[in-house]
Structures are given as C-alpha cells and as structure tokens.
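Number of protein chains: 2
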Amino acid sequence: MRLSALYMPTLKEAPADAEVISHKLLVRAGMIRKLTSGIYTYLPLGRRSLDKIAQIVREEMNAAGGQEIFMPMVQPGDLWKETGRWDVYGPELLRVKDRHGRDYCLGPTHEEVVTDLVRGEVRSYRQLPLNLYQIQTKFRDEIRPRFGLMRGREFVMKDAYSFDKDAHGADASYAAMYDAYTRAFKRLGLRFRAVQADSGAIGGSYSHEFMVLATTGEDTIVTCTQCEYAANLEKAEVCYANEPLDRGECPELVEVETPGMHTVAEVAKFLELPESKILKTLLYEADGKPVAVLLRGDRELNEIKLKNLAGVTNLELAGPEQVKKWTGAAVGFAGPVGLEVERIYADEEIMRDTDWAAGANKDDMHVLHVDIPRDVKLTASADLRTVTMDDPCPACGGGIEMPRGIEVGHVFKLGTKYSEAMNATFLDEAGKEQLMIMGCYGIGVSRILAAAIEQNNDEFGIVFPPSIAPYEVALLTLGAKDDAVVAKSEELYELLTDKGVDVLLDDRGERPGVKFKDADLVGFPIQVVVGGKALARGVVEAKDRRTGEKAELPVDAFEEAFDAFRRHVLEGWTI
Amino acid sequence: MRLSALYMPTLKEAPADAEVISHKLLVRAGMIRKLTSGIYTYLPLGRRSLDKIAQIVREEMNAAGGQEIFMPMVQPGDLWKETGRWDVYGPELLRVKDRHGRDYCLGPTHEEVVTDLVRGEVRSYRQLPLNLYQIQTKFRDEIRPRFGLMRGREFVMKDAYSFDKDAHGADASYAAMYDAYTRAFKRLGLRFRAVQADSGAIGGSYSHEFMVLATTGEDTIVTCTQCEYAANLEKAEVCYANEPLDRGECPELVEVETPGMHTVAEVAKFLELPESKILKTLLYEADGKPVAVLLRGDRELNEIKLKNLAGVTNLELAGPEQVKKWTGAAVGFAGPVGLEVERIYADEEIMRDTDWAAGANKDDMHVLHVDIPRDVKLTASADLRTVTMDDPCPACGGGIEMPRGIEVGHVFKLGTKYSEAMNATFLDEAGKEQLMIMGCYGIGVSRILAAAIEQNNDEFGIVFPPSIAPYEVALLTLGAKDDAVVAKSEELYELLTDKGVDVLLDDRGERPGVKFKDADLVGFPIQVVVGGKALARGVVEAKDRRTGEKAELPVDAFEEAFDAFRRHVLEGWTI
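Read top to bottom, the protein sequences are chains C and S.
Using my numbering, the letters of the first sequence map in sequence onto residues 4 to 578.
Using my numbering, the letters of the second sequence map in sequence onto residues 4 to 578.
Simulated from the structure, these hints should not be mistaken for lab results.
A hint or two may mislead.
[Stated by the list, open to error] Rough simulated footprint, nothing fancy, chain C against chain S, three-plus residues with beta-carbon under 8 Å: (1) 35-43; (2) 63-73; (3) 109-123; (4) 312-326; (5) 337-349.
In this text, a Cβ means the ideal position worked out from N, Cα and C, and glycines have one as well.
Using the sequences and the accompanying hints, generate a full structural model.
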C-alpha cells in the first residue's frame with residue numbers, strides 16, 4: 004500500500020474525552036474515530052489491525068475444532084424470556100420493538116440464539132460434541148461508555164459455544180478452548196496470564212479469564228512468585244498456615260464511650276489499638292434480607308465471596324436507616340455482640356484471634372474484649388476478604404504479586420443452565436433423553452486492539468506487536484524529489500511486496516520529520532528509511548520500533564540483510 | 004475439511020414458509036436457518052459462501068482504489084435528522100432509544116455516518132478523491148420479509164461512498180465502481196446485466212443497477228436484441244419513429260350511455276371498439292394534490308415516470324370518494340373533457356392519434372370522438388407508460404426483450420445531496436469552499452448468495468458457481484469399511500488439500516445414496532468419487548455438477564487428470 008493513497012488522518016492532539024493511552028493513540032494514529040458515545044468507526048488502519056486479530060483468533064478456533072457460523076445481531080425477545088434473562092439482564096440489553104410491536108434486542112451475547120439453533124437439529128449423541136463460534140458485532144448499552152475501545156457500547160467479539168454429551172466431553176471442550184486461547188494470545192504477541200475467575204451463581208461450573216498485562220489495566224490479578232497460581236482478585240483465596248490455634252485468653256466484655264468515632268481509623272486511634280484489632284461489622288441487604296459480615300478493621304470484604312457463601316444474586320450495603328433499624332445505632336457503631344440479624348458471617352481470619360474491639364450497637368459506644376465463639380451468634384465463617392500482598396499463595400504458600408491486567412478473554416463452563424431452560428436435549432447411547440452440557444468462550448476482538456496498545460506504547464506512540472500491526476514495515480522515502488531515493492524506494496517496495504512482506508510505502512511529499520513522527524505514532528514494527536546521504540553510501544537504514552535499535556542494510560545485499568533484521572525484530576516479540 | 008466434523012444439517016423437506024427455490028435450497032442444504040422473520044443464522048457452509056462472495060467484492064473494491072473501513076451498526080438519530088431522513092425514511096428504519104432516552108437507529112445505509120466522518124477531516128482538494136467502503140450487517144425493518152435471503156430484514160451489504168472535488172472526478176469515481184462491479188460479478192460466476200435505473204428525485208444524478216438474470220427474478224429488465232441498451236422497467240423509455248403525424252379527422256363529441264361499464268375491457272366491448280381506442284383516465288393524489296393522467300386503454304402507467312414529470316415524492320391512486328369529488332362521477336367514468344383538476348398529463352402515445360372514447364365524468368356515461376388538442380386542457384405530454392414487448396429499442400430502434408432479474412448491485416450518483424445537508428466542504432485549488440460531490444455504491448452480499456442459487460439450480464439442488472461454492476470439490480468415500488477405498492480417499496484428500504484445492508471429504512459412515520444426494524443438494528461444482536469397483540479398475544470417478552458430465556480419472560495419473568477435468572469445469576463457468 005502507498006501512503007499517498009491511504010486514508011490515515013493522524014492528529015497531533017488527542018481528543019479531549021480520551022482518558023486512557025490506547026484511546027488517545029488509536030485516534031491520533033488515524034485508526035478509529037468516534038461516531039457517538041461508546042461507538043466508533045474503524046478507519047483503514049484500524050480495520051486492518053482488527054482483521055489481523057480476528058484472523059489469528061479464527062485460525063486457532065478452527066484448529067481446535069470450532070466451526071464458524073454467523074448469527075444475527077437482532078434477536079427475538081421471546082428467546083430471552085425463555086431463559087429469564089429478559090427480566091434479569093438490566094438496561095445494558097438494548098431492547099427495541101419492530102414495526103409490528105414485537106420485542107427484540109441487540110445481542111450482547113448469543114447463548115439463547117445458539118441454543119435455539121442447536122435444539123432444533125441436534126438429536127443424537129452422535130452429533131456431539133459441537134463447537135460453534137462467530138466473530139461479530141455486539142452491543143451492550145453501558146451506562147458510562149469510556150476508554151475508547153476498552154469499554155465501548157458496540158464492539159467486536161468472538162463468541163464460541165460448545166455442546167457436549169457428558170461432563171467428560173465438556174471438560175475436553177473447555178480444555179481445547181483454553182489451549183486455543185493460549186496459542187492465540189501468544190501469536191497476538193501479548194504478554195498475558197490465564198487466571199482463575201469466579202463463575203458466579205452458576206453451580207458447579209468454573210471459568211478462567213485471559214488477562215493482558217498492563218499497568219493501566221482495570222483489573223487486579225493475583226499471581227504467585229514461585230508456582231503457576233494465578234487468579235483474579237475476586238476469585239483469589241486467602242489461605243492460612245495449618246497450625247494449631249492458640250487464641251489466648253480474653254477478658255470480660257467492657258463497653259466504652261467512643262463519641263463521634265465512626266471509622267475504623269478513628270476508633271483505633273481513640274482506643275489506642277491497631278486497626279487490626281478492631282472488628283469491622285458490615286451490614287448488607289442480600290436479596291432483600293439483612294446479613295452482617297465481620298472482618299478485621301484493616302481488611303477489605305470481597306463481595307463475590309460473600310455472594311457465593313450467602314447464595315445470593317443482589318448485594319447492597321445497608322443505608323443509614325436500615326443500619327439504625329437493625330442495630331439501634333448510627334452507622335459506625337454496629338457490632339456483633341447481641342446483634343439480632345438472621346445471618347452473621349465471619350471472615351476466617353478473625354476466627355484465629357480474640358480480644359476484639361467492636362461497635363456496641365449503641366450510638367457513640369464500642370465494646371472491648373470481644374471473643375467471637377463466646378460472644379457472637381455466628382452463622383458461619385469462611386474466606387470472605389480480599390487478598391493482600393502480605394498473604395501467601397493459596398496454592399504453594401509462596402509470595403504473591405498483584406499485577407494489573409485487562410480482560411480480553413473468558414472461558415466458562417455453563418453446564419446445563421441454558422440447555423435446561425430451553426430444553427436442548429439429545430438421545431444418549433441408551434436412547435435416553437439428556438440435557439446437553441454447554442460451555443461459552445469469548446474473546447474481545449476490538450478490546451484486544453486497545454489492550455495491545457495499553458501494553459505496548461511509549462512517548463512517541465504505539466509499539467505494535469508485528470502480528471497485529473496494520474502494516475509490518477513502513478518504508479519511508481526521504482526526499483520525494485530525489486530521483487535516486489524515489490527509484491530505490493520503489494524498487495524496495497516492489498521487492499518487499501513480492502516477498503509477501505506487509506509493507507506500507509510512505510511516498511508522500513512530506514518532510515522527513517513528519518514521516519518519522521507518523522511511523523513512530525502508528526507504531527509499525529520495522530521502519531526502513533531510504534535517504535539520499537545513506538543511499539550515496541550504499542545503505543538504507545532500518546529501525547526496530549520497539550527497541551529503537553538501528554541497522555544499516557547494504558542495498559547490494561538488501562534482501563538478506565533485511566531478512567536478518569526482521570528475524571531479529573520478530574524474535575524480540577516472542578512471547 | 005472432513006464432513007464427519009462439519010455441521011451440515013441437510014434436510015429432505017423445505018420449510019413450509021419457503022416460497023422461492025433459493026430459500027428452500029439454502030435451508031435444505033444446511034446453509035442457513037431462520038431465527039425469526041427475515042433474520043437468519045448462517046451455518047458453516049453458508050458462512051463460507053458468504054465469505055467468498057465478500058472476499059471477491061473486497062478484492063475488486065481494493066483494486067479500484069476503495070479503502071475498507073468499518074462503520075457502526077447503531078447510528079445516532081441526530082445525523083438522520085440533519086439530512087431530514089429521520090422523518091422521511093418510514094418504518095423500515097428501526098428506531099431505538101438508548102438507556103438515556105437518546106434516539107438511535109439500526110443502519111440500513113450509511114450516507115449520514117460516512118459524510119459525518121469525512122466532513123470532520125477532509126479539508127483540502129488534495130485529500131480527494133476518496134472512496135471508503137465497508138462490508139457490514141445492515142437492518143431494514145421490511146413490512147413483509149420473505150424469500151429467505153432475497154428480502155430479509157438483517158442482511159450483509161458492501162456499501163461504498165465516493166467523495167470528489169468536481170463533476171469530472173465524480174464521473175471517474177462512478178466509472179471505476181461500474182467497472183469494479185462488472186469484474187466482481189464476472190468473478191462471482193453470475194450471468195448479469197448492468198441496466199440503467201431511475202435515480203428518483205435527486206436532480207442531475209443517474210444510476211445503474213446490476214441484475215442477476217433469473218427467470219424467478221422480481222424485476223423486469225428491458226434489453227435490446229441488437230445493441231447494448233439495457234434498463235430496468237421503471238427507467239426504460241418508449242420512443243416513437245420520427246415520422247410526420249397525420250392524426251386524421253375527428254367527429255364532434257357525442258355522449259353515450261354505458262350503464263355499469265367500469266373497466267376498459269367492459270367499455271371497449273360495449274362500444275365495440277378496440278381497447279387501444281379507449282382513453283384511460285387515472286386520477287392520483289400527488290404530494291396531496293390531484294393529478295390526472297391519460298393513456299391508451301391497453302397500456303400501463305409507469306408511476307416513476309409520472310413522479311419525475313410531476314416532480315413529486317408521494318403518489319397515491321385516488322380513492323372512490325376523491326374521484327367522485329374531482330369528477331362528479333363514480334370510478335370508471337372519469338374522462339379528460341371538462342375535467343377540472345390542476346394538472347392533466349398525457350402519455351406521448353395518445354398525442355399521435357385522435358377519435359378516442361373516454362369517460363364523461365357522469366355516472367354510466369362515456370363520450371365518443373375525443374380529440375385531445377381540441378377537447379382537453381392539457382398540462383403536458385410525455386413518455387409516461389411502461390414499455391411493452393412491441394416497442395422498439397429506445398437506443399437503436401431494434402427489437403427488445405424483457406428478461407427477469409434480481410437486483411444485486413446499485414451504483415448511484417448522489418451529487419451534493421448529503422454534502423449540502425451536512426455541510427461537507429473542502430477548499431479548492433483557489434482556496435474557495437466547495438461542496439464535495441458524492442456517489443454511493445451498494446452490493447447485496449447475502450442477496451448474491453440467494454440470487455446465485457435462483458440462477459443456478461436443478462431438480463437435485465444447488466449448482467454453485469465454483470468461486471462461491473462452500474467447497475469447490477466434494478470427495479466422496481463410498482464404503483467407509485473398505486480399507487482400500489478409505490486409504491485412497493485419504494491420499495487424494497491430502498493431495499488435493501496440499502495443492503490448495505478447496506476440498507470437502509465425505510468420510511461419513513453413510514450409504515452412497517446419501518452422499519450423492521447431499522453432494523448434489525449442496526451443489527459442489529466437482530465431485531470426485533472413490534468407490535471399490537472403480538478403484539479395482541484403477542480409476543476414480545469425477546462429475547461436473549452443472550452439466551452432469553462424468554470422467555474416469557486414473558489413479559496412477561490422478562493429478563494431471565484431475566487438473567484437466569477441473570479446467571474443463573471452470574471453463575464452463577466463464578462469464
């Protein structure tokens with residue numbers, strides 16, 4: 004491709020609403036343009052990268068036995084009513100009535116559609132397993148779309164769905180997708196981790212998220228410094244050394260005045276105790292019913308763990324009025340002693356110590372010397388808090404790290420959630436009707452484009468992994484009026500194109516500074532620069548965009564020199 | 004690909020709602036499945052053909068200087084309000100409000116979006132011309148979706164938009180697209196005609212439609228038996244030999260009773276006149292105002308011609324009450340003599356004759372001996388009727404034919420309709436602000452899949468053009484338990500795959516009859532059959548799906564024999 008014929012409107016300034024680097028650079032590099040909130044047009048360069056990402060994903064899906072189909076974007080509401088998601092999904096599901104007043108929605112995901120497709124046709128175990136996938140535009144009406152392609156409303160996803168006849172087959176399907184994802188992300192040139200993820204209220208199932216590592220990531224990952232353990236923060240367990248407990252003696256309960264001391268920090272300071280000796284009592288409305296949770300004052304509750312323990316879908320922190328009603332006191336003075344709520348849960352950690360300070364359920368009062376087994380009507384104790392850097396790896400006891408990541412893939416065991424709701428059955432070997440066992444597997448194709456940039460950029464612009472750069476090589480003609488330079492550029496352009504190298508020739512009549520800046524900004528992995536002076540010395544220059552490394556390639560042995568340089572660049576990208 | 008691992012659910016019966024052959028065969032061949040009215044899922048084979056069509060279109064668009072982008076499906080209503088189409092477009096535009104109550108629509112076309120994109124960035128004549136296209140899912144809320152992929156609600160289109168600095172450039176852009184379409188449809192293996200089309204109320208512009216020829220086509224085309232003239236029925240002009248007129252004498256007007264004679268046929272029979280001597284008087288509401296049209300009793304009015312002549316957008320045949328109000332008589336007795344409506348138009352043909360019988364604007368009365376110049380207050384005469392087989396070619400005077408076609412492409416000069424409404428300007432060479440001149444160019448990618456089948460099928464199923472068949476070769480293993488047959492099949496499968504031939508191996512444990520039926524039904528262009536008896540004779544059989552021609556390919560010189568057979572098959576498909 005010639006840049007003179009390419010629509011690549013690069014910009015000096017990022018748009019005012021761009022908060023993250025990938026959004027800024029995608030717009031500045033002329034790859035995307037905003038149409039409206041959370042909805043973007045892909046310009047030629049953006050579309051090329053998107054296509055390359057999609058193609059790598061497609062190849063790995065096909066290699067793993069996936070079959071590509073293409074399902075509609077507009078879905079009938081009836082199917083969503085059948086699974087109950089029409090009512091549960093919330094306003095992110097964009098609903099629309101057609102001209103005849105029938106309910107439809109724009110698909111944010113396709114479990115209903117694919118299950119409907121298969122239940123009509125697959126009747127025998129002989130037709131299983133089946134893995135159907137598509138690469139398609141999705142819509143999710145985010146309340147606050149932001150971060151460019153990171154959290155848009157319209158986006159491109161690969162979504163796959165597996166159907167198996169038994170648990171063993173479902174495990175194999177899941178493993179095949181896990182492996183395909185691993186291969187795909189490696190080929191995409193991204194540093195990533197597959198982490199255990201919480202699978203919500205769907206019983207018996209589990210899931211992994213694939214996270215692109217980036218300091219700007221929205222998600223926190225927990226990884227071990229010694230073993231392979233990796234989980235997202237919601238999922239990561241806290242484990243305790245298996246030592247005999249000696250909680251020690253606890254004096255009698257004593258109430259003390261703590262006037263106006265609402266927060267853990269205030270109470271700790273006032274009582275001259277460390278925060279770790281204050282018992283934090285949180286009150287929640289869990290599916291409409293009161294639940295109290297106890298944990299150390301310096302710890303954070305992991306709400307997902309609480310949801311799973313309590314078996315509830317909706318969890319909301321109780322407001323001041325509810326706290327008053329349930330405890331008789333203002334916010335800040337709730338405590339477990341004498342608390343009359345149906346369920347009181349304790350984080351496992353506090354079961355290993357005694358002599359706590361806690362709210363007294365009276366305004367401006369706390370109580371000292373609380374011993375949980377002695378003083379509290381506990382429902383259950385479990386791991387309920389968020390892991391910290393000081394905790395050991397739950398797998399091996401080693402140290403942990405907590406890097407940031409961007410979720411770009413998710414593999415998920417669905418079990419029979421959808422096949423049961425939609426009656427997707429088959430006849431097994433014995434002629435008996437059975438529910439299909441399903442899995443679903445998503446990759447955020449457009450999100451990968453953003454995540455790749457969040458991971459790979461510098462002060463000059465994007466640093467694209469070669470496999471997804473819009474072009475692998477930028478060939479810069481310095482001096483559009485210098486006949487020798489132009490002739491050599493054209494010759495090398497032809498040579499590289501004939502070799503099958505994905506090359507963009509910057510043949511514009513622009514100054515060298517503009518060409519260098521644009522090439523750096525878009526982040527083509529290799530720059531080949533044809534300039535008058537160097538050419539007079541019989542060389543052209545090559546640059547590795549990632550490392551900044553430069554080399555002089557002799558024009559009379561260009562091809563071998565280029566191949567060697569390219570190999571070197573690509574090796575640097577091996578994941 | 005192995006058929007044992009392919010999701011290809013063929014059916015013996017077509018669905019009850021399938022009216023046309025392409026719909027029946029696409030479903031029976033396991034290529035598509037209906038999700039809901041006018042909305043289909045593409046199964047693996049359907050998606051492959053769809054992809055092949057898209058890829059050919061893409062390559063020809065790129066070769067013609069088009070740049071592929073990817074615009075959103077969900078479009079802000081504000082842009083449509085800017086061009087006025089929000090109010091004009093009607094219920095086919097599926098409108099939706101997002102969670103914040105803002106207006107959006109599902110894009111049936113992208114003029115607004117692409118003009119919005121370009122007006123923000125293209126500022127100089129140096130950035131023109133520009134041709135941006137995409138291949139994307141569109142939505143049009145048809146009132147009565149039918150004919151499967153022929154008239155669906157959700158469909159795949161290639162839509163391109165050109166921007167030029169002047170009329171000369173716009174002509175060149177149009178010509179480039181016309182040529183690209185011609186190349187694309189040839190490569191698609193379709194017999195087609197590019198025909199002149201009406202371009203509606205957009206002044207000064209013109210357009211061509213690309214029609215796939217098929218006896219089942221919805222559209223009628225007018226072509227010349229001698230010259231290159233081709234137009235759609237709406238556009239085709241009627242011309243008359245340039246001879247001096249001798250309309251002859253006309254007696255005085257005489258009113259006659261024609262009790263209960265409402266139709267032209269009834270009146271002609273009653274008056275013992277040929278239908279061609281009855282003057283048909285049609286009354287229309289044209290943008291709300293009455294318009295009368297006169298034409299020969301045996302002719303059909305072409306409403307498009309009337310719209311263009313009258314310069315109106317909406318045309319509705321007047322109802323009985325309006326007819327009564329305007330003429331004083333019931334339907335069937337309207338006539339031009341003494342008719343008091345603002346505009347009376349005559350079809351050119353009736354200006355060449357005299358002595359007409361016409362309605363008398365009184366119930367059960369007609370008037371004889373009407374001479375138009377003498378008796379009628381005419382507004383204008385023009386070519387207003389639909390062409391017939393008896394008319395001469397308007398270009399050369401030769402004979403005409405009227406084959407049926409399916410519209411699969413449309414090239415259209417937009418002029419400044421959108422650039423003016425949306426203020427898409429640039430600075431010309433003199434630094435003066437000018438409106439961009441636009442064109443738009445559509446290809447119905449999913450519709451081509453249906454049209455190709457309407458054109459190419461027989462009693463056994465689809466007869467796919469090789470370039471868009473889901474697989475070019477079906478390799479049938481007859482006898483999954485015969486080791487020699489299986490071994491030879493596998494060997495040939497590997498050989499063909501390695502050669503880059505797009506081959507599907509039917510390795511299922513099915514009976515030969517099932518395999519033959521399925522291969523014929525899906526319509527793979529070449530069948531290669533490995534059977535025990537033939538193999539014992541040292542041959543495999545090959546069949547040309549289109550002609551039914553068979554050949555024996557010796558296994559010890561398979562490759563050359565196959566190549567020759569394939570060349571022969573492909574030659575038969577040359578357009």
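Indices of hints not satisfied (ascending) = 4 and 5
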